[in-house]
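Read off the chains here:
2 protein chains.
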Amino acid sequence: MSTYATFYQGKRVLVTGGLGFIGSSLSMALVQAGAQVTVLDSLVEHHGGNWQNIKTIRDQVEVNTHDMRQFADVCEAVKNKDYIFHLAGQVSHGDSMREPLSDLQINCVSSMNLVEACRQFNPSAITVYTSTRQVYGVPISLPVREDHPVLPVDVNGINKLAAEYYHLLYHRVYDVRSTVLRLTNTYGPRLQIKNDRQGFISVFVRKCLNNEPIKIFGDGTQLRDFNYIDDVVDALLLSLATPSCLGKVFNLGSKQHQSVLDLVKILQKISAVQYEIVPFPQDKKLIDIGDYYGDFSAFVERTGWQPKVDLADGLKQTLEYFKQYRSDYLS
Amino acid sequence: MSTYATFYQGKRVLVTGGLGFIGSSLSMALVQAGAQVTVLDSLVEHHGGNWQNIKTIRDQVEVNTHDMRQFADVCEAVKNKDYIFHLAGQVSHGDSMREPLSDLQINCVSSMNLVEACRQFNPSAITVYTSTRQVYGVPISLPVREDHPVLPVDVNGINKLAAEYYHLLYHRVYDVRSTVLRLTNTYGPRLQIKNDRQGFISVFVRKCLNNEPIKIFGDGTQLRDFNYIDDVVDALLLSLATPSCLGKVFNLGSKQHQSVLDLVKILQKISAVQYEIVPFPQDKKLIDIGDYYGDFSAFVERTGWQPKVDLADGLKQTLEYFKQYRSDYLS
Numbered sequence: 010m011s012t013y014a015t016f017y018q019g020k021r022v023l024v025t026g027g028l029g030f031i032g033s034s035l036s037m038a039l040v041q042a043g044a045q046v047t048v049l050d051s052l053v054e055h056h057g058g059n060w061q062n063i064k065t066i067r068d069q070v071e072v073n074t075h076d077m078r079q080f081a082d083v084c085e086a087v088k089n090k091d092y093i094f095h096l097a098g099q100v101s102h103g104d105s106m107r108e109p110l111s112d113l114q115i116n117c118v119s120s121m122n123l124v125e126a127c128r129q130f131n132p133s134a135i136t137v138y139t140s141t142r143q144v145y146g147v148p149i150s151l152p153v154r155e156d157h158p159v160l161p162v163d164v165n166g167i168n169k170l171a172a173e174y175y176h177l178l179y180h181r182v183y184d185v186r187s188t189v190l191r192l193t194n195t196y197g198p199r200l201q202i203k204n205d206r207q208g209f210i211s212v213f214v215r216k217c218l219n220n221e222p223i224k225i226f227g228d229g230t231q232l233r234d235f236n237y238i239d240d241v242v243d244a245l246l247l248s249l250a251t252p253s254c255l256g257k258v259f260n261l262g263s264k265q266h267q268s269v270l271d272l273v274k275i276l277q278k279i280s281a282v283q284y285e286i287v288p289f290p291q292d293k294k295l296i297d298i299g300d301y302y303g304d305f306s307a308f309v310e311r312t313g314w315q316p317k318v319d320l321a322d323g324l325k326q327t328l329e330y331f332k333q334y335r336s337d338y339l340s
Numbered sequence: 010m011s012t013y014a015t016f017y018q019g020k021r022v023l024v025t026g027g028l029g030f031i032g033s034s035l036s037m038a039l040v041q042a043g044a045q046v047t048v049l050d051s052l053v054e055h056h057g058g059n060w061q062n063i064k065t066i067r068d069q070v071e072v073n074t075h076d077m078r079q080f081a082d083v084c085e086a087v088k089n090k091d092y093i094f095h096l097a098g099q100v101s102h103g104d105s106m107r108e109p110l111s112d113l114q115i116n117c118v119s120s121m122n123l124v125e126a127c128r129q130f131n132p133s134a135i136t137v138y139t140s141t142r143q144v145y146g147v148p149i150s151l152p153v154r155e156d157h158p159v160l161p162v163d164v165n166g167i168n169k170l171a172a173e174y175y176h177l178l179y180h181r182v183y184d185v186r187s188t189v190l191r192l193t194n195t196y197g198p199r200l201q202i203k204n205d206r207q208g209f210i211s212v213f214v215r216k217c218l219n220n221e222p223i224k225i226f227g228d229g230t231q232l233r234d235f236n237y238i239d240d241v242v243d244a245l246l247l248s249l250a251t252p253s254c255l256g257k258v259f260n261l262g263s264k265q266h267q268s269v270l271d272l273v274k275i276l277q278k279i280s281a282v283q284y285e286i287v288p289f290p291q292d293k294k295l296i297d298i299g300d301y302y303g304d305f306s307a308f309v310e311r312t313g314w315q316p317k318v319d320l321a322d323g324l325k326q327t328l329e330y331f332k333q334y335r336s337d338y339l340s
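Protein chains in written order, with my numbering: chain A, 10 to 340; chain B, 10 to 340.
Source of the hints: derived by calculation from the structure; they are not laboratory data. For clarity, every value in this text was computed on a predicted model and none was experimentally measured. Any given hint could be a false lead.
It does not matter which identical chain is used: a pair holds within one copy or between any two.
Derived lysine-lysine pairs resembling DSS-like cross-links, with alpha carbons at most 25 Å apart [said to hold, decoys possible]:
id, residue 1, residue 2
1, K203, K257
2, K325, K294
3, K64, K332
4, K257, K293
5, K64, K264
6, K274, K216
7, K332, K264
Using the sequences and the accompanying hints, generate a full structural model.
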């Protein structure tokens, strides 16, 4: 632990989406750092929430299973909290197109409920909101900086962008402080791998575990940046502990950018999984963003954050975790 | 009537927010142009919907008072329509801050319901969505072009921007065609002048009618552009009838830009109203955008539209209308 070594000691911290992949990993780190953690997660069906994710800290955290779409429940949840990590959300781009009204409720309404609940009942709480690189849409230049135009290409990107704006607006107008992080492809232990809703890495990991061939859409040359979960948790903890980040938007990202095919070849080395190139399905092609990698130097400058785990090591640890705890995720 | 002289003849047209200021004015023009008009307006309390607005065409239009926040009702409303003008919305910047969750439901949910209803039940309908110059936030350069960065400074601007994105996304991905117009200060007969929810001109007009002094916040030097209702109706009719506008966003605007004080002085000449300069209330200052006027040359280029009514004439006609029909608006 770096600059936030004692920052969270004894602090009351709310983690929304805390039974999910990133939320549970963050909650474990917060418990480790001496925080009093409340996990808020309504376990929306087919989403990332999974009780197994917090089994090692189950008796050290409070769990609230209310639904953030209900304003009154959010008001109760924010009371008496020092810090809030707002990770609850619908993350699947495809599902946001198939169920746009649900995505709107989960991403827009829940986030508006959160900032408004804070304004009314806990204006001194500090929040970190986890957004997505999807808000940029198709990059017009690489690497993508935070001032790149935003033109989301799917419902999820639109709603996450609106949620960003709610946080920034409440910060500016009401001093309900928050920082927005735009995450890129995050992977690691505790990913939701049971269905296809949490991005292509989770699908590929399941294929590895099941010894099924990976299907690569198109030619696999699309560039991406990848962050291992521990690095993202580190970024989250640093961002909230760094006052100069408040009221601003930052990209995360990785030092190297690699193609989807690069990633699959690494998986192949670790697990001997096979792959095949298949045509890009039309519904996915329409919302694909092409090559993407982000410029995260602004965040480094303010926080000193550096992603430490490279893709090969991270994928190895990920597969090892899921082999060991397979029944918690693929039962 | 110019290029759309016969375009609307016999066409089935839905006007959402059709009992409001712009919606009713548009509906009258559509009836005149031979369209079969359905007005959809749930008459949300304190908003612009007013039965008196359509009294001259009451027996020539169908009126549907369902609420666009209900998806099933929107699905019914869009069926068998050729064209849709989507004007229903919450327009008050101040109210969007006081009642953000309501603004979200009215502006985001209703718009998502509309595009999704069209996708499912009437994908060939063409829609014009009326957005607002508020999506830009505080201008960083003037005149503001459509590619100016968007950074809304209030809840209304955020939600209207999300609604724009829904329309553009559905246009691109599903060929559910629409055009977005970003309106600036629109004024004229049938403005909602009973309360302060429809912009400063409506407040000023009420003051004139009541012989009460106008309060100008700050020094009144903020620049704005103003469009008379007939010019906006003309722009709406032209935009839908111009295929090259589809899938794009256009500003409206006026040839001259004038200060708030300029406008008040014109009102003073017409009606002898008094004014006083008062400090900018803090809640309004926080969401004020400073000087604004838009570049509308892109829209002119495609449609040939030209705003014809200058501010002095427009205000004169507006006051005359409200003097004649005062009891319909201030009872």
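- Query: Between copies, within a copy, both or neither: which fits K332 and K264 at Cα up to 25 Å?
  - Reply: neither (28 Å within a copy, 68 Å between copies)
- Message: Checking an output row: K64 and K332, CA cutoff 25 Å. Within, between, both or neither?
- Response: within (17 Å within a copy, 72 Å between copies)
- Message: I want to check one pair: K203 and K257. Are their C-alpha atoms no more than 25 Å apart within a copy, between two copies, both, or neither?
- Response: neither (34 Å within a copy, 40 Å between copies)
- Task: Classify it for me, K274 with K216: is the Cα-Cα distance of at most 25 Å met within a copy, between copies, both or neither?
- Result: Within one copy, since 13 Å is at most 25 Å while 72 Å is not.
- Within, between, both or neither, where K325 and K294 count as close if Cα-Cα is 25 Å or less: Neither. Shortest intra-copy (29 Å) and inter-copy (54 Å) distances fail the 25 Å Cα cut-off.
- Query: Can you tell me if K64 and K264 fall within 25 Å by alpha carbon in one copy, between copies, both or neither?
  - Reply: neither (33 Å within a copy, 66 Å between copies)
- Alpha-carbon proximity context of K257 and K293, limit 25 Å: between (31 Å within a copy, 23 Å between copies)
This entry does not satisfy hints 1, 2, 5 and 7, going by the numbered hints stated previously.
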